[in-house]
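K.L.:
Chains as they are written, first to last, in the numbering used here: chain A, 1 to 255; chain B, 1001 to 1291; chain C, 2001 to 2299.
Hints are computed from structural coordinates only; laboratory data are not their basis.
Glycine included, C-beta positions come from ideal geometry on N, C-alpha and C.
What you were told as hints is all true, and nothing was included just to trick you.
Covered stretches of chain B (chain C as the covering partner; in silico rule of three or more C-beta atoms under 8 Å from a C-beta of chain C):
1) 1008–1014
2) 1018–1026
3) 1125–1139
4) 1180–1190
5) 1237–1247
6) 1254–1263
Result set (EDC-like, lysine to aspartate or glutamate): computed pairs, CA atoms no more than 20 Å apart in a straight line:
7) C:2012 <-> B:1187
8) A:194 <-> A:124
9) C:2004 <-> B:1187
10) A:128 <-> A:195
11) A:77 <-> A:164
12) C:2012 <-> B:1097
13) A:98 <-> C:2177
14) C:2003 <-> B:1187
15) A:77 <-> A:166
16) B:1012 <-> C:2095
17) C:2191 <-> A:81
18) C:2191 <-> A:102
19) B:1012 <-> A:78
20) C:2004 <-> B:1176
21) A:128 <-> A:138
22) B:1012 <-> A:56
23) A:194 <-> A:166
24) B:1012 <-> A:81
25) A:85 <-> C:2177
26) B:1191 <-> C:2008
If you anchor each label on the Cβ, the simulated ranges turn out as follows:
27) C:2172 <-> A:59: 15 to 21 Å
28) A:148 <-> B:1269: 52 to 58 Å
29) C:2060 <-> B:1270: 47 to 53 Å
30) B:1101 <-> C:2170: 33 to 39 Å
31) B:1016 <-> C:2280: 36 to 42 Å
32) B:1019 <-> A:18: 28 to 34 Å
33) B:1182 <-> C:2172: 42 to 48 Å
34) A:232 <-> B:1173: 47 to 53 Å
35) B:1173 <-> A:39: 28 to 34 Å
36) C:2172 <-> B:1016: 26 to 32 Å
37) A:63 <-> B:1113: 51 to 57 Å
38) A:175 <-> C:2101: 36 to 42 Å
39) B:1023 <-> A:64: 35 to 41 Å
40) B:1269 <-> A:10: 52 to 58 Å
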Amino acid sequence: MTEPRMRTRDYSLFYGDFRALNRVSIDVPVNRITAIIGPSGCGKSTFLRSFNRMNELIPGVRTEGSVMLDGEDIFAKDVVDLRKKIGMVFQRPNPFPKSIFENVAYGPRIHGTRDRTRLAAIVESSLKAAALWEEVRDDLGKSGLALSGGQQQRLCIARALAVEPEVILMDEPASALDPVATLKIEELMEQLKKDYTIVIVTHNMQQAARVSDFTAFMLTDEARAGNLIEFGPTKTLFTTPEDKRTEDYISGRFG
Amino acid sequence: MRSIRLRNLTQKGAFSIMWLAAALSVGAMLLVVGYVFVQGLPQISPDFFTTPPRGGLSGEGGISSTIIATVYLVICTLVVATPLGVGAGIFLVEYADNFRSRAAIKLVSLARFGVETLAGVPSIIFGLFGYALFVTAMHFGFSILSAALAGACLVIPVIIRTTEEALKSVPQSYREASFAMGASRWETIWKVVLPSAVTGISTGLILSAGRIVSETAVFYVTLGGSYRTPTSIMSSGRTMALHVYYLAMETRAFDKAMATGAVLVVLIIIINLVINLISRRLSAGNGRRGA
Amino acid sequence: MKKKQGTDALMKYAFMASALVSLLIVVMIGVFTFKEALPAFRDIGPKALLTGTVWRPGQGEFGILAMIAGSGLVTLGAVILGVPLALGCAIFLSEIAPPAVRTFVRPSIELLAGIPSVVYGLFGMVVLVPFVRSLGVPGNTGFGLLSASMVLAVMILPTIASVSEYAIRSVPQSFREASLAVGATRWETLKRVVLPSARSGILSAIVLGLGRALGETIAMIMVIGNSVIIPAALNDNPLTIFLSRARTLTGNVAVEINYATGLHENALFATGVILFLLIMVMNSTARVLIGRKKWERRR
Chain A
1 MTEPRMRTRD
11 YSLFYGDFRA
21 LNRVSIDVPV
31 NRITAIIGPS
41 GCGKSTFLRS
51 FNRMNELIPG
61 VRTEGSVMLD
71 GEDIFAKDVV
81 DLRKKIGMVF
91 QRPNPFPKSI
101 FENVAYGPRI
111 HGTRDRTRLA
121 AIVESSLKAA
131 ALWEEVRDDL
141 GKSGLALSGG
151 QQQRLCIARA
161 LAVEPEVILM
171 DEPASALDPV
181 ATLKIEELME
191 QLKKDYTIVI
201 VTHNMQQAAR
211 VSDFTAFMLT
221 DEARAGNLIE
231 FGPTKTLFTT
241 PEDKRTEDYI
251 SGRFG
Chain B
1001 MRSIRLRNLT
1011 QKGAFSIMWL
1021 AAALSVGAML
1031 LVVGYVFVQG
1041 LPQISPDFFT
1051 TPPRGGLSGE
1061 GGISSTIIAT
1071 VYLVICTLVV
1081 ATPLGVGAGI
1091 FLVEYADNFR
1101 SRAAIKLVSL
1111 ARFGVETLAG
1121 VPSIIFGLFG
1131 YALFVTAMHF
1141 GFSILSAALA
1151 GACLVIPVII
1161 RTTEEALKSV
1171 PQSYREASFA
1181 MGASRWETIW
1191 KVVLPSAVTG
1201 ISTGLILSAG
1211 RIVSETAVFY
1221 VTLGGSYRTP
1231 TSIMSSGRTM
1241 ALHVYYLAME
1251 TRAFDKAMAT
1261 GAVLVVLIII
1271 INLVINLISR
1281 RLSAGNGRRG
1291 A
Chain C
2001 MKKKQGTDAL
2011 MKYAFMASAL
2021 VSLLIVVMIG
2031 VFTFKEALPA
2041 FRDIGPKALL
2051 TGTVWRPGQG
2061 EFGILAMIAG
2071 SGLVTLGAVI
2081 LGVPLALGCA
2091 IFLSEIAPPA
2101 VRTFVRPSIE
2111 LLAGIPSVVY
2121 GLFGMVVLVP
2131 FVRSLGVPGN
2141 TGFGLLSASM
2151 VLAVMILPTI
2161 ASVSEYAIRS
2171 VPQSFREASL
2181 AVGATRWETL
2191 KRVVLPSARS
2201 GILSAIVLGL
2211 GRALGETIAM
2221 IMVIGNSVII
2231 PAALNDNPLT
2241 IFLSRARTLT
2251 GNVAVEINYA
2261 TGLHENALFA
2271 TGVILFLLIM
2281 VMNSTARVLI
2291 GRKKWERRR
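In isolation and in its complexed conformation, chain A is listed as follows (with noise of 0.2 Å):
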């Protein structure tokens, strides 16, 4: 079995004195594609933001335990490169007020690539691999706000892509979007999981069932802090459960 590109061991998070997550322990496979599913308020969402280190946007914030990226701590690297290695993508489509052009280079310019050919380059490419450069090729000048909801996700995951990460996070990417352009992204993730790891939030249980390999499990327990009930490969996650509360959740008994 070859090495987790992300693992993190007894993670936790506070809110000051409020424990957010309780000791996560979860190995994050290469190129393969892990949804963290569970019910609303468990942790999944701050979860997956520990991973970049977005959660020190917030206040406050202190954790414990060790997350690594190849087998280094991220929080001994220094967090611009991290998200250079670690792209994002939210839950409402967040293009900048720039045109589509600028929108994709914006990652590598900030980087230091500043020739123009090259940069063109990397436009074409990444939203080739968003699969969204036949529908934008012809006015790249066009502001990224003036595309549709769907349109808007895919740039901003061209924007990820253009930094050439290695680890993709999707914060419930579709949940903003319609069915059509839901069932687009997942097949873009089908197709981007040949080349990164990518690791996703949703609520929808079909849609986790439908496009990942690995599925994991969290809850909330007395203490409202989230845990980690179940890790595994879907399908086996999915049909013959290990744990009650997980049978629980996908049956629909709550949640």
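On the provided structure of chain A, position chains B and C as indicated by the hints.
P.N.:
Relative to chain A, chains B and C alone:
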């Protein structure tokens, strides 16, 4: 690839500049306030408040007449401005959106336009206007009356704005409950909305009082400069702010000017504090009310 | 019931009347100042008034170009000194300051806004003027554009800072998150995403500051020297133009109105009208720049 170290260093540099800007601004405030206090406060004694200025070219004396003039002026200005300002505010929030006829709607938008424009007029224009209309045309002369009327024009927009905000923050559900019981609009305003909004409106009045106390240009051309205690509404006089001006420009009595200035700054600080306290209690109160 | 309806209607129209009073005042201001100004426009003519370089009312000379130059230069100076400081404060307060520091800095800037102009003028006279005078250069009395610009910069700083801060805070948090997630530093996010998004709001803030600067009277009278000359450099160094004395449009009006008569008085009212129009244009521009909704929510 631009090195991460360089980028982080650039950030440190840029953020340091922002820190510097903030430090300089706070420093400027401390310098001005500090200097005025250090120079002015030692000059102040109880006599200072109870003796009138000696007048003429001498800078001697205290500021008793100016205190009286200031208070007199604030009261007169507010007497004129409050009903007009609060009334306009009530109209704009409680009545304005309920008109049907085209003419009425036009009138309403004209009224709003009037308020907006008035808020943007520079103070010297109010002075000019006061001079042309009240001092000269209406023959009120340099007097508290002329100054109060001109000052009212200055603070009416402030009162309107704060009244509007205070009224808007009264929950709509209060009004609906009142209407549902058969109360008329006026009854609702008088018995339900206004009592809730009274704190916010008072903030506006206090703010206006502060404005009048600080203002010089408007009163320079409408109040005249008499250092004597005003005896009636037609008397001339000088506010504390005007006194500072005359002391500095005409008698060069900078020590007394600083002292008066210090009194002014202390007043402003107190007014700011009071307003902040009221606002804080307002928002806390509103929060609790929801529960 | 009838009585209730009667009172209701009465109050409605009473309140409407008070709202219309504002409009009435504006109209009256317009009418009166324009009426007093008209003879000046008619007899002196706008061209002679606005471009005339000599202001000598006793001899029938009513050119206000020198005052236009004075107002323009002192506002320029105030902008050069004040805008960077104000923007720095705005960025500091919205993006950088730790909460503890913020609770100290923000009231300080609010206090700057509350200090009466006459106190600023006094401080200028007692502290800044001697300081500027000590810079040497023959002809430099300390009174003049530099002292006045410094005072004015501090006076407009709170206005520009608070509106800019509001504009920066209005930029959606999702933009910042998207930028950081792609590996940008906080400064890069500010520079490349947040500030460009807030640009129109910041411009609006600066224009508001300009309007405020143009309208300031008392502090200017106290430190700018009030000489009716077109400011000029005192020696070979062109920068010394800021050491020149000057007079602002507002100062001209305030200083002379109490004893002016006849055409002189009309000319002063004409100056007032010009100022009024200028500042109205500024305020309208600022409002357009920031958009209607935000305009109503600004402090």
